[in-house]
Amino acid sequence: MKEQAKALNLFHKQQEKNMVSHAYLVVGKSDAFSFATYMAQSLMCREQTIGACQSCSVCERIANNQHGDFKVVSSRDESIKKDEIVSLKDYFTQTNMEQDSHKVYIIEDVENASISAMNSILKFLEEPESDITAILTTSQPNRVLETIKSRCLLIQLESHDQEVLYHEGLNKGLDELDAYLLSRISNSSEEMVVIAESGAYVSVMDVAFEFVDYLNQGKIREAVVHVQHEGIKNKKIDKENIDFFMDIVIVVMGSSANGAVHAKVTNIDEPTQLNYKKIMLMLKDRIRPGINTNLLLDQLGYEFINYHKSRVL
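Numbered continuously in numbering that gives the first Met the number 0, the sequence shown closes out at residue 312.
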């Protein structure tokens with residue numbers, strides 16, 4: 000939490016002034032949920048009025064999701080459904096499950112809620128109760144309804160310093176290429192090492208680099224066929240790692256600052272790299288829990304081939 004000093008200061012000041020909002024939207028990557036959990040602990044901790052001790056029975060039960068007045072709705076496995084929000088609302092309309100307790104709920108990755116679920120969330124936020132605090136998290140605020148954002152106090156978490164992570168990765172034994180790539184898509188040097196040592200990383204990276212190599216040679220159809228063959232037929236890209244595959248390609252495009260990475264795209268001019276990056280970002284934005292990976296890879300092929308056809312015309 001120490002690296003999020005600004006966000007902590009904002010929240011703690013609200014507690015000091017007794018001006019805690021009824022709803023928050025925490026924007027950040029993998030640390031957004033842990034920050035939201037700390038906020039919930041702070042609101043319910045019996046040992047401290049400002050912040051959370053994180054060691055009392057209340058804080059520990061929240062950390063383990065075992066507190067009666069604390070609920071989490073997550074979209075890690077599939078999109079958040081309307082029924083989940085309706086059930087959450089029904090649960091919190093009951094009397095407190097714990098003595099003298101505030102009620103807090105977290106909706107993790109709210110951008111992955113269905114439209115009907117988002118509308119139910121909005122209705123829940125429009126009818127706030129003084130003893131209930133909503134904490135929503137997202138890594139993609141552009142996919143959250145504006146009406147939901149307008150009813151929440153935004154807490155923007157700071158991004159990790161990529162250059163610091165890069166050098167920490169080198170110090171932990173990662174080679175230059177791995178350290179550079181992972182520092183752009185990870186949140187800690189520890190996470191970088193874990194990813195680098197995983198078989199999935201090596202497999203996906205090989206597919207991504209071969210794809211980029213074909214692009215660098217101007218062999219667009221071969222690049223598309225390679226991704227579809229390795230990703231779909233050989234099942235090297237699935238819903239668990241397709242996001243990672245796209246991140247690698249996005250980082251490689253336009254990484255002129257790093258020699259090892261830039262060497263992979265020396266024959267691709269900057270405007271083309273930018274357009275490749277736009278295509279990958281557009282496709283990445285479509286990733287949802289339960290995504291059909293095969294269809295997304297087919298769409299990738301269509302977008303790349305169509306882009307080059309339009310250049311010829």
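Worth flagging that the hints you see were computed from the coordinates, not collected in a lab.
Just to be clear, a hint being listed does not mean it is correct.
No farther apart than 20 Å at their CA atoms in a straight line, the calculated lysine to aspartate or glutamate pairs in the DMTMM-like style are these [claimed, not checked]:
(1) K234 / D297
(2) K277 / D212
(3) K218 / E269
(4) K16 / E46
(5) K148 / D174
(6) K122 / D160
(7) K80 / E97
(8) K283 / D297
(9) K5 / D160
(10) K238 / D284
(11) K234 / D268
(12) K276 / E209
(13) K218 / D268
(14) K88 / E128
(15) K12 / D82
(16) K277 / D297
(17) K263 / D297
(18) K81 / E46
(19) K28 / E107
(20) K81 / E97
(21) K171 / E189
(22) K81 / E125
(23) K28 / D160
(24) K148 / E125
(25) K171 / D160
(26) K28 / E189
(27) K80 / E107
(28) K308 / D284
(29) K88 / E107
(30) K70 / E59
(31) K283 / E126
(32) K263 / E189
(33) K12 / D130
(34) K80 / E125
(35) K28 / D246
(36) K122 / E157
(37) K218 / D297
(38) K28 / E15
Because the structure is a prediction, the values reported are computed rather than measured.
Hints, one by one, checked against the model:
no., hint, verdict
1, K234 / D297, "holds, 14 Å"
2, K277 / D212, "holds, 18 Å"
3, K218 / E269, "holds, 17 Å"
4, K16 / E46, "holds, 18 Å"
5, K148 / D174, "violated, 41 Å"
6, K122 / D160, "violated, 38 Å"
7, K80 / E97, "violated, 27 Å"
8, K283 / D297, "holds, 13 Å"
9, K5 / D160, "holds, 15 Å"
10, K238 / D284, "holds, 14 Å"
11, K234 / D268, "violated, 31 Å"
12, K276 / E209, "holds, 16 Å"
13, K218 / D268, "holds, 15 Å"
14, K88 / E128, "holds, 11 Å"
15, K12 / D82, "violated, 35 Å"
16, K277 / D297, "holds, 17 Å"
17, K263 / D297, "violated, 24 Å"
18, K81 / E46, "violated, 36 Å"
19, K28 / E107, "holds, 11 Å"
20, K81 / E97, "violated, 26 Å"
21, K171 / E189, "holds, 9 Å"
22, K81 / E125, "holds, 16 Å"
23, K28 / D160, "holds, 13 Å"
24, K148 / E125, "holds, 12 Å"
25, K171 / D160, "holds, 17 Å"
26, K28 / E189, "holds, 16 Å"
27, K80 / E107, "holds, 13 Å"
28, K308 / D284, "violated, 24 Å"
29, K88 / E107, "holds, 16 Å"
30, K70 / E59, "holds, 14 Å"
31, K283 / E126, "violated, 34 Å"
32, K263 / E189, "violated, 27 Å"
33, K12 / D130, "holds, 19 Å"
34, K80 / E125, "holds, 19 Å"
35, K28 / D246, "holds, 14 Å"
36, K122 / E157, "violated, 30 Å"
37, K218 / D297, "holds, 17 Å"
38, K28 / E15, "violated, 27 Å"
Against the hints set out earlier in the document, violations occur for numbers 5, 6, 7, 11, 15, 17, 18, 20, 28, 31, 32, 36 and 38.
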